[in-house]
Amino acid sequence: MDFVTSLFPWITNGPLIVVQVMSGLSVAMFLFLVSVGMSLIFGVTRIVNLAHGSFYMVGAYLMVTLAEMLPDHPLAFWLALLVAPLGVGLLGGVIEVTLLRRIYHREPLLQLILTFGLILVIGTLVLLVWGPDNKSVARPEALAGSVKILGQPFPSYYLLVLALAPIVAVGLWVIFYRTRWGMLIRAATVDREMLGALGVDVATLYTQVFVFGSLLAGFGGALSAPTVAVALGMDGDVLTTAFVVVVIGGLGSFAGSFVSALLVGELQSFGILVFPAVSIVLLFAIMAVVLIVRPWGLLGHPEE
Amino acid sequence: MAYLEVHGIETFYGDSHILFDLSLEVAEGEVVCLLGRNGAGKTTTLKSIIGLVPPRSGRITLHGQSLTGLAPFRVARLGIGYVPEERRIFGNLTVHENLEVARRTWSDGAGGGWTAERVFELFPHLASLRGRPAGRLSGGEQQMLTIARTLMGDPSLLLLDEPSEGLAPLVVEMLAAQLARLKSTGLTMLVAEQNIHFVSELGDRVYILEKGMVRYRGTMREFVGNEEIRRAHLAV
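Those protein sequences? They're chains A and Y, same order as listed. Sequential numbering of the first sequence, starting at 1, is according to this note's numbering. Sequential numbering of the second sequence, starting at 1, is according to this note's numbering.
Honestly, the hints are just simulated from the structure, not real lab data. Each hint should be verified, as a subset may be incorrect.
Beta-carbon label-pair distances, calculated as ranges [to be verified]:
no. : chain 1 : residue 1 : chain 2 : residue 2 : range
1   : A       : Y104      : Y       : Y13       : 16 to 26 Å
2   : Y       : S16       : A       : L109      : 20 to 30 Å
3   : Y       : S138      : A       : V129      : 35 to 45 Å
4   : Y       : F20       : A       : P295      : 41 to 51 Å
5   : Y       : A127      : A       : G151      : 43 to 53 Å
6   : A       : V278      : Y       : N38       : 54 to 64 Å
7   : A       : W181      : Y       : K211      : 37 to 47 Å
8   : A       : K148      : Y       : W106      : 34 to 44 Å
9   : Y       : E117      : A       : I149      : 48 to 58 Å
Just some of the chain Y residues that point at chain A, by a computed CB distance under 8 Å [stated by the list, open to error]:
no. : residue
10  : T68
11  : A71
12  : F73
13  : A76
14  : G91
15  : E97
16  : V101
Predicted, not measured: the structure shown is a model, and the values here were computed from it. Using N, Cα and C, we set each Cβ at its ideal position, and we do this for glycine too.
Please construct the entire structure, taking both the sequences and the accompanying hints into account.
Structure, rendered in structure tokens:
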């Protein structure tokens, strides 16, 4: 035990651990918002959307613009948080209808090239519109400071993130498991052709799912904007981590994304305490283990 | 005029030519059987009609309306219900959810007024399984569910692809009784089968396919009474 405490001095510091868990949970929330949309889009359309991180980035940048544009009012932030994801959803819809729709029946490589191309195009457009400098978004006044949790400081804005997390998770669960639209989505992940033969307009369902997934990524980006420097490289960072989350949880699995986001969020939060130098390596090591033991992910299903 | 009319269709899978100048008609309220060996083109004929494998040429009309170039979901909405050979139930959904996703939500086309209650009336056993994931049903239960699911789209014509395949004899008998009840409600059916015994009571007319062509057409009575034809084309 002495050996352990000398190596990890924080291990006896209960309050620090609690705060670290909470911070991991808020990281998990951002990861969940991105990865669940990515997983959903893959499950239904079988497209791995590499531009999903770009949607997250656009959500954050839209938040920057809206924060500047909207008048100084206590409700402005919340309005922006609502409008930014809608903007990203619209962008997703336009991309689906004009580009992706043409390549659903083509080989996966072509699909990857297209969505990779979208990363470059969106990245350049963001550079042209917002410029190369980092941007920041002010937190709403009520959440600008920090609170003490067991004596440890904790940014109050993250309390908002933590409060929204269960609402989002339960809301998505209700949508997937208690609405007919959710049933259609789950059925489409199993057999899209059969669903079409039963009279379901699957093409429209694809568009809806793509818009919904983009909207969730945009919401993640908008919500994260006040916690980070909004910068050009965030698309790649987010994509990498979201990809790991989706692969660990299982492509196409809602519950898998949820569990995996929690796991990866806490891992990132504690990884920094335990192995600061190798926390990113740890992430990929775990993904590698999952891929070896269960190639279809923790809660995914093997491809037939 | 025939209710469903297939006229001179040529269907391909990629480069391989499967159906050759194939024509058939189904009248309203009639049960027509497609017989033939494996690979004779029965499944492809049904898939050509529903639009999953659209024919390259020829024409298919339902009640005089052309189905050419329509996506499967459009064909389904015009009143054609497709029951695939491999059942293709949504295993991750419950029995009730399988019915719900197939529920008619469109208003065009003709229908027979099917609802979940009526479907459960026809398949009472499914009602007791409504909350169970469909992937955990037995083969017979899954076959019932596939038919029940298609009925939810309120079709006026049912395409059934080898419904008796892989089922235990007792289940096959039950299924035959259920299809007979469906027929008595006036539902038109086109049934692909290898099991002649299964359809001999149910069917009104027969087409025998061989190598993608119609080799024989006649009434079920003529066909059953003619051992020579049965032996020549089906080699039981």
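> Looking at the structure, which of the earlier hints fail to hold?
Replying inline: Failing hints, ascending: 3, 5, 8, 10.
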